[in-house]
Structure formats: C-alpha cells, structure tokens
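Chains as they are written, first to last, in the UniProt record's numbering: chain Z, 1 to 692; chain U, 1 to 681.
Simulated from the structure, these hints should not be mistaken for lab results. Take the hints with a grain of salt, since some may be wrong.
[Claimed, not checked] Derived Cβ-Cβ restraints for the label pairs, each shown as a range:
id, chain 1, residue 1, chain 2, residue 2, range
1, U, 602, Z, 538, 48 to 56 Å
2, Z, 289, U, 167, 23 to 31 Å
3, Z, 162, U, 157, 35 to 43 Å
4, Z, 289, U, 156, 52 to 60 Å
5, Z, 503, U, 192, 24 to 32 Å
6, U, 511, Z, 303, 31 to 39 Å
7, Z, 204, U, 622, 37 to 45 Å
Computed from a predicted model, the values in this text were never measured in an experiment. No residue lacks a Cβ here, since even glycine has one placed at the ideal position from N, Cα and C.
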Amino acid sequence: MIRRRKAGSEPKKPLTSSPLQSESGENKDQKKNFEAENGKLNVNENENENSKNLNWKSSTKSRGRSWNCLDSCCWFVGYICSIWWFLLFSYNAMPASFPQYVTEAITGPLPDPPGVKLAKEGLKAKHPVVFVPGIVTGGLELWEGHQCAEGLFRKRLWGGTFGEIYKRPLCWAEHMSLDNETGLDPPGIRIRPVSGLVAADYFAPGYFVWAVLIANLARIGYEEKNMYMAAYDWRISFQNTEVRDQTLSTIKSNIELMVATSGGKKVVVIPHSMGVLYFLHFMKWVEAPAPMGGGGGSDWCAEHIKAVMNIGGPFLGVPKSVAGLLSAEARDIAVARGMAPGFLDMDVFGLQTLQHVMRMTRTWDSTMSMIPKGGDTIWGGLDWSPEEGYECSPKKQKNNNSEAGGQNGFGNLGNATQVHYGIMISFGKGVAELHSSKLERVDFRGAMKGNHLANTTCHDVWNEYHDMGVEGVKAVADFKVYTAGSVLDLLHFVAPKMMKRGGAHFSYGIADDLDDEKYEHYKYWSNPLETKLPNAPDMEILSMYGVGIPTERAYVYEFSPTPECFTPFRIDTSAEAGYEGTCLKGGVFSVDGDETVPTLSAGFMSAKGWRGKTRFNPSGIRTYIREYNHAPPANLLEGRGTQSGAHVDIMGNFALIEDILRVAAGATGQDLGGDRVYSDIFKWSERINLKL
Amino acid sequence: MASILRFRKLCILVPVKCSPVSYESHDAPEAGKKEDSPISAVEQVSEKPQVKKNKRQPKQWRCIDKYCRMIGYICTTWWLILFSFNCLTANLPGLKVPEPPGARLRREGLTALHPVVLVPGIVTGGLELWEGKPCSEGLFRKRLWGGNFAEIFKRPLCLLEHLSLDNETGLDPPGIRVRAVAGLVAADYFAPGYFVWANLIENLAKIGYEGKNMFMAAYDWRLSFQNTEIRDQTLSRLKSQIELMYLTNGRKKVVVVPHSMGVIYFLHFLKWVEAPPPMGGGGGPDWCNKHVKAIMNIGPAFLGVPKAVGSLLSAESKDVAFLRAMAPGLFSSKTLGLQTLEHAMRVGRTWDSVISLLPKGGETIWGNLDWSPEEGHVCDSLKKRQLQASASDDKGNNSDSRRAFHVKELTKYGRIVSFGKNASELPSSQFSPLVFKGSSTNSAGVSCGKVWTEYNEMSHDSIRRVAENKAYTAETVMDLLRLVAPKLMQRAEAQFSHGIAENLDDPKYNHYKYWSNPLETKLPNAPDMEIYCLYGAGLPTERSYVYKLTPPDRCKSIPFQIDGSADGSNSCLKGGVYFGDGDESVPVLSGGFMCAKGWRGRTRFNPSGIATYIREYHHKAPRSLLEGRGLESGSHVAIMGNVAFIEDVLRVAAGASGAGLGGDKVYSDIMRMSERIDIRL
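Chain Z extracted, bound-state conformation:
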C-alpha cells in the first residue's frame, strides 16, 4: 500500500488537501484506475531509477545510516579544520607588513621606532650592552628532574608557554621549589637559567620583556657579540648564583671580553627590576678580594662600566614583597578573591593554590632581597611617611572627609585624607587610619608559639604557619600595625626558617659607619644603604622608571576564617575608604609608582642618597633621574603601548628606548637632558632624614 501510494500519488496534489480524504472508497477507486494507467509508467520509471540508483543505494545505504552521528560529527570537524587551515594559510601567506598597514590605516602613520629614527640620525653601536633581567622574567629550564618530569629535559619550566603548569602542577611546583634549608637545589633536581638573549626577550609568547629593546638596539648595529644577557637563576640569593652556577664570574668574564673585543669601549649595563640589586651586588662582588668576591681590583668598575641604566629599580625594596611573603598574594589575587570568594581556597578540589604557591615562593631567597630596606627612616613611622599628602586621584578631589571619618567606632583624629603610608601592614582598616597614640598593641614577640596543631595536616601542603599555632597568629594580629621596621620582626616571627636563611644573604638596615669591617660581607652588597658605590668617578648611574600608576604601598590585613588549614592572614579586600580620590582600595593603599615599585624606592638613591659626593657615593658618581609618565595605549592595536610606565611594559616605552640607545651610542646623562621628573620624588626625598 505504502509503496503504491508513494509511487502513484499525484504530483500536483495540493499540500493542503486533507490526507484523510484519500482513504475514502471513491478516491481509492479513482486512484486505482489512475494507477493502472499511470502507475505502470511511474513504476517503471521508478524501477529505472532504482536500478540507476542501485549503485548509489548500495554505497549510500551504509553511509546514509551512519550519517546521522558519526558522519555529521566528522563533517563538522572537517569543516572546522578546513576553515582553520584556510585561515592559517591566509595568515601565513599574508605579507608581514600587513598588520602594520592595517594599523596605519586606522590610526594614521605610526612614529618610527626609536631605533630607526636614531639610525637615520647617524647613531651607531658603540658601547657593548649588558642586560640584567629582573625577578620572574627570566626563563628557567630543567636539567635534571624526578620521574614525573620526564621528557622535559632542557624545556622551559618557567617562561614560555607554561604548559606544564596545567599538565602536572604538583610536579611543576616541586621542581620549582628550592631546598628549604640551604636555598639551593633539592636533591635530584637541577633547574637552571636559560642563557643567551632568549632567556628574557619574551616572557611568554607575545609578551615581550627585552625583545623591543633588543630589536631597536639591533637597528643601530648591535648584535649578539656586543649585547649580552646576564641571565641568572632569579630564585636563589645573589651570592648563591656564584656559588652554584658561577654566574657572577661569567658576567665578569663576559664584560671583560666585550670590552676587549670592542676596542676598549666600556659597557653600558641595563638592569631591570631586581636585576638592579643584583648588579649592585655584582659591582661590590667584582671588586672584593678573591674568596668571597671576584678579585677584579678596586678600579674594575671604573675600567669596565660606562653607565648603569637602572630600569624600575627597587633599590629600597617593594612593599609588595611583604604581602607576597606573608600571604602569597598581591593586589591582583586579592581582587580575584573579592570577586569570587572561596575560589582560591577551594578545599574540595584539593587545589590549595595559594598554599602551594606560598610554599614554593618561600623557598626562593631572592624574594627577600626586595623586602623594604631602611626601615622607618625611609618608609615612615606610625605617624609619618615621606609620601604624606599624596593625592591618589587628584582630578576627583572632593570633600568627603566626613564620610570617611565616622565609619569606625574608633573615631578619627587625624586628617582623614592623610594616609599613613608608614604603616605597612595593619590589621583592620580602622587601625590603619588611627593616630599612633591611640593604638593598643600587644607585643607578639614573646608570644607562645607552642600549641602546635599537630595532627590536622591539611593534605600535604605544609608551610611554616603550622608551627605557629593559634596563639602565635593571634599575637601577630594583636600587634595591629607594622611599619617597615617592625614588618621585619613580623616576618621573622611568622617565617623563622626563611628569614634565617635570608638573613645570611640580605640585610635591610642603614649603615651607621660604612667603614665598619662587617660591611665587607656579601649580605650587605645589595643594600644601597649599607654599601659604598665603587670608586668610579666616570661612571654614571641613571634611575629610569615609570610614574603615574597607583602602586601598592601598604596593606590592610584580616584573619582568615580557618587558620589551621590556610594561610591565617589575608588582605582585607573589603577595606575601602569609602570616598572618592582614595588611596585605599581593596585593602591596599597605593601611591605613585610604576605599578610594582613605588617612586620612593626607585628614585630615592639617585635623588638624594647618591646625589653628589655622599658617604654612600664617595667618588661622586653622577646620578640622573629619568621618569616616564604613564600614558595608557591609545587603542588595542598598540598592544602594551609605546608610552607605558608600567613596570615591565616600560621596556617598550619609546622615550626610554631612545634614552638607552643614545647612551649606548656614546651620550652622557647630561646629553640626554639631565633629570626628567614628573613625580614628587625630590620633595619626598628631602623629607627623609638620612645622614649622607
């Protein structure tokens, strides 16, 4: 029946006609007749078609059936693949200048990169250039590892794509950690810095660090032979890089080689971030006598170094490092937690990300090199700080004082807009704004550390907080506020092992008498306040850094809810000043700087500590301050901007690159135009009362 109907159904039958009708007798008869006449033909036709389609049928039958799922799946995949390939192909076939062409079409002609511009001016490579990368930006690769790291030999564990973090996070964290006692390799693991320019040209694909500067230097004639990346393992303490890898000797030998092969031209050193401290250490090391130092003699620096161009140098440390050590978080993480509370401490997944990160970073000695130095003298006391009166967002100044005042039960005596930057860590927001005379502090230093919560091991993450017990944690919080000086005590209390290790390598004080013999020890070499600059009157020191970006300066902390299993402190993201133009946001007081290093830390030594002939700078090395006011990129096409002042992005700042190129081609700081200042660094430096 079905068959017949199908074959014979009238082609022109309108769609709308009721199908039921066709079941009626009359219609049937009619139909039969119709079929008798017509059907044969049709059937024949159909059969012809059938036979024609037999091939189709036999082949498509199977296809037709599986078409539903597998085929459509494959069809889809194939579709996507082909499109992807097509795009890839057209991308590859595209001339290299195409993106630039598009950019220019949209934004108008781009300015020449400084290298091209200066090459047209006739600048040529003259002085060899040494780059000293900072913390975190340098690549690290595996040379020997445990079973779980198989196949990663000479692959980057740090830098590059970070693919391994996702694939085997625990393995990765294990390999990146150092030995908790010695601060060197754990047994069976060797992670070493990548060497050569590739060590830090790009941090991750597309995220440049030194690459732009390198490209511009190449435009005026630099190449591998007169550019040297002094890559070092940024996790270990400075002296240990020499002990383990002989990195300092390598740098010395390479600088000597470059000076010799370039016809006696001195090198221009360009350290960035922590590299600034590292190179400070190097300059002391190289002139120190042999067993501890490099034995280069007292005029090594004068003979080999033309200028040190410090980019974003945390000479006096960064407050961020305190937060990093206390609770492994900085503003970004605090914000993330504010957005999605519980995400980072999701115990359910066994992630405990922060705890792992903390355990790992606490084995890195180098983080301790950036703890704020100079104590209250530099960073301010309970009631005073050099940055006093800084307006965080001057444009939005309104009189919201009243609102700010009465929020807390404590009451507020002082000028509400006056931020107490000197208090680097405070427990509770109210405390941060209090005047010192109102504070009730309980000294934590004698607090019992006993009460060890022995058996509540929270998975296998272990950090020193477990040894503290509830009493200790409470005692810490009861002390309420910490200045740069007392923060050190706090860290000693909270992480005794780490600080003991660090104490052997770094020092954070101010020297009373620089001629004291004890200052010949290497632990003072990276602290500009406890060393003399080398005797090199022809050398120049430039401090180049970005300004105009709010930078972390002080923190408001709170207890974590469950101190047994977690870091007991965390940044109190709810602490908002509540009025506009505030410096307090999400538990962080910010101040002028380059997003990581406050202006004070980057500029003070050049502005005051080393200016002229001081006791820190006995030979009167000339210092210059070059500030770069931050201007965010005009549009997306600019990427990270050519006028950025941010800590890492500044390496793509055209003005900075131009300065470097000019100095490398022979200019002096005076030729650049001397100081270039946007911030209040000179005013602030004057407020600091330091014997010079």
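Assemble chain U onto chain Z, guided by the hints.
Chain U only, in chain Z's frame:
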C-alpha cells in the same frame, strides 16, 4: 497516526522534488524544512523512502560536504592515533627506549669533571637574521638556517640573497647581517626532530653537566675561520669561555668535542690562540697544554672531503646526481624559473668555508692518476667475494675491446674528477699533459634569468678544453677550480692552503691561512693533551666523480654535471660517483690519517708527541623504525647518537684517558692505507 500524516506529506512532496519543472519553486523550501526531523522515524519502517532519499542525497552531499567529511575523518583518526601514541609510548614495554648511556655511566659513578666544549661543523649550526633587506621583514632574530626552513619555501630568493656573502670580501653584503645562533640551541637540533648534538648533551647532563660546564662554540660556518674572529670575535669568545670554564670548574682542563668542519676550525683555534696578538690570540705557548685536556674529533675532515669538489664544480653531490637520473630535467626546468642548482651554486660559492674542505695534501695523500692509498678497496662488503670474481670478468669483456692490458681491476680513486667514464679508467699514459691556457673570457652577454655564476664568463672553448683534459687528481683539481671559479679561489686562497709543508719552521707558516691544514702546521706544544679521531666506517662515501659536459644550451650556466649514467660493474661506481669507505661524508682516509700516521708518535707535525687515538664505529643500520636514526649508526651526523661513541665522550669528560678507553679501535683499512702514503714525518 501522526507518523502516517507526516508520511503522507512526504509522499506528496517527494515527487514534487523529482519533477522540478512543474511545481518546485514554491514548496521546495518548505519541504526541506518538514523533512528534516521526522524522516528518520519513517524511513526505518519502509525501504522505499530511502530510494527517495537517495535521490535527494546526492544533491546535498555536495562536493564540499564530502570533502569536509573526509577531512574530518582524517583529522579525527589522526588525533586518535596521536592521543593513543602519547598515552601508550610511556607504558608499552616494547616501545621503551633502551637506557641511555648517560644513565648507565652515572650508576657506574661517573660525574662531570672536565668542562666540555662542543664545536659544531658546517651546515649544522643555526643562522639568524639581525639586519636585512625589506623582503625579510618580520624575520628579525628568526632562524634563516636550521629550524623548520619555512622561509625557504615562502620567499626563496630573498632567503638566498640573505644567506650569500659578498663575493669580493667573503663578509656581509651591505645592509645584511646574518649571525650564528648562540648557545646550546645553535646546533642541538638541525631541524625539528633531527638531532645533531641534542643526544650528546642530554647524556652529558645525565652525569651532571649543565650550562656552566658545557659550551657550544657556535660560529658562522659560512665565513673563513679567521674572518669569524675579524667580524664576530668568535675565536676570542671561545678563548675567554674556555678560560672561564677552566677557572670556575676548579682548574679542570676542558675536553673539546668538534664535529666535521669544526675539527679544522678548532685546529685553527689551537694555532690562533698561541700566536702573538695582531693575528692571533696571544695566549702564550703553553695555553693549550694548560687549558685543553683532550680533543675528541668527530667525523674529522682533517684532509678535506672530495664532496667539496663536487659541490664547488657543479653544486651537486651524489644525491643530486641521483635525483637527476630519476627525473631528468627537474633541475634544469627553465620554464619554472627555478634554476635551483645555479642558485645554490651562486650562494655556496660565496661561502669561504667550503674551500677549507677541499682535499688537502694533493697527490701525496689522495693519490695520482694511477695510484691511490685506498687501492683494492672492495665496495660492497657483503658481496665481497662474488663480486671480485665476476667484476673482473665483466670488466675484461668490456674494456678488452679497447685496451687489453687491464690485469687487475682497481678503482682509480686518485682521479677525483674525470670527464667520462673512460677517463676514469684509462691508464695515465693516455692523457695529454694538462695545459690551462689563459682562458679567454668572452661571455656572450646572454643573461639567462637573473642567476649569475662565474661560468657565464667562461667561453665554450675553454670549457671544452677543460673537459678534454679528462682526469684531475687532488692537485690538478685545484687548477681546474682556479680556472672555473677564479674569484672564489682568489678570495679563498688568502684564507686556506692545501699543500704539504716542506719545512715547517719556515716563517711563512706563521700566517693564519696555514693554521687549518694539519699538513702545514705543527701541533701546539702540549704533551699532556690527547687527540682522538672518532668516526664511523663501513658506509660508502663519495671519493671521486665522473663528470660530463651538459648538452650545449646557451642558458645553462653550469656546463658540467655528474654523469649519473656512469655505473661501474664493480659497484664502487654508482651514478657517476666512486665510493670508498667512510662515514658517508668523510672518507676514512681524511678522518683517520692524521691520527694513524701523521701525528702518531713524535713527528714533525706533532713535535711534542701528543698521544693520538683512533676510535672507529662500525656502521649498523637501525634495526627497526622505532630506533630512529639508530643507536649504532656510523654516518656522519647520526653518529652523534651512537651509544658507543657517547660512552667514549662521557668517559673522557669524566676523567678517563685514551688508554683507559682501550686505545685504538679500528675496523677499516686505515692503518694499511696510511702506510701506503709516503710522507716525510
């Protein structure tokens, strides 16, 4: 009921589709819509609709869909295989890689002792762009040479332009700076997956080596050796690095591991470093003794390689000749505008370093028209006996018709280049003396494409005269090259020398051009040093060539080519190339002679009696595909993955001496060959 309803609709509609003329336009879209979902339910009940559907399907199954589906299949299976491969390789016991020698030796207690310096050879080192013409935009600090060579396919001409050097100076052309990649990455892999040093590095790391005591002395292998110092100060860098490693590793001398051309580069360095400053490094006469423990030469090209002649004459070697035999016209297809060989030749001829690989020592070493040290070498070791018998018979028949006094068939390796197969076999008395007249250079000014080689400046006459001279030995081949490529040779002969010194104390030998020729220099005064010759043996290696004139074509710029049709019955001659024993690139003679005889004991080339050792590695082809390039390979580059070889290097690096390794390990006839060479020691 509902299904029936739907079915009716279907019945009505399908014919509509079938007769498009009548009615289709209105209903087609609607029909498509309605059929979509319900059809499946129905068609399973009945067979008929399937016929209908089939009618429809071909329409929908259009080309693109089918194509996509196919791609999808391929992709998915590929991913599946890849995924399972990734999962399985680690677990399947059968696929487990045998334990690397480094791990084994570590268990034996070997640890890093002496710093190691790796000196890569020609071609294997990466080159990157530092400054280029507009066509190379976006390639800054990208590899032009090594890596995946993607750019060669994208912009071949641009790339060739950047890779060539200035024809006059042998240095950078104006506006172009291509530099050697630095660091271990320079030559660990030549192309992705094709290891060069990576295997050795990994094994060294297993016993404790790392960046601080391992150094890759990468240099620009296109330049002449002295020019690497003049342009890049590479030699100074190497010196400073060795001194640094010596100091920072507790005053342990370095072990140097040069490969291929790196061997003569390091020979040059040894002389340079002790020579006084303006020309040398000023390290003083005991620098080598103080800083170098051992030199472990891998596949050393001490006396040059005949291959270099082939590549200079016509930019081809056996591979190219073979290809040409397979697909004649491929390389000369002017229509495609490829002119590959001409381009390759033009670029290659600007590279001075190639000259350093020309056979050194002339006829004394490489043999003359009638004699060669390798005489009697039987090429196919498997068929040694049968062949010896049958070959002589065969030969007899052929050549008796011409000349009948072939008593015994010996390959005349001494004739490095011969024109025509006959010329390679004739006795020397048949040759006319070589006369190179002042070649009248009257190029007709026919410019063929843009490719220019020096052949264009030669007249047909002089080309023919070159070919008439029939056979060239290692010595006369130099004259041939001088005639054929005057500029190149003029440039290069200021940098390299290929003779044998009469009197090594002659002050002229203080010039740097002699430093890379072991037959014209004395080894440094370093009695504690050791020199190893480590090379593969048992592979057929190019030793001499049969050339022919290319058919006269005004636009063919290379008038000679290897005669791919010349096949000898005694199997040493294949596709126009005579093969000898070696590692596929370097003949045993070149690799081993200096260690076997030239420097053995106290000779005039080795006045302080530096100990020499020969370590040969007999080639064994990889047993299965999984072994990759083999754990027992003896071929020129793959030997770097040879387990026995790696073990030797590791032991020496960990403090062993040559005697500790077991002294000489010889498979080839090198000792006998060396004895045949008559050289004053």
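The hints, checked one at a time:
In this structure the supplied range 48 to 56 Å holds for residue 602(U) paired with residue 538(Z), their Cβ-Cβ distance being about 54 Å. Evaluation of the 23 to 31 Å hint for residue 289(Z) and residue 167(U) yields a failure: the beta carbon distance comes to about 54 Å. Restraint check, residue 162(Z) to residue 157(U): a C-beta distance of roughly 39 Å satisfies the suggested window 35 to 43 Å. Checked against the hint of 52 to 60 Å, the pair residue 289(Z) and residue 156(U) passes, with Cβ atoms roughly 58 Å apart.
For the pair residue 503(Z) and residue 192(U), the supplied restraint of 24 to 32 Å is violated, since their beta-carbon distance comes to about 48 Å. With their beta carbons about 34 Å apart, residue 511(U) and residue 303(Z) fall inside the hinted range of 31 to 39 Å. Checked against the hint of 37 to 45 Å, the pair residue 204(Z) and residue 622(U) passes, with Cβ atoms roughly 38 Å apart.
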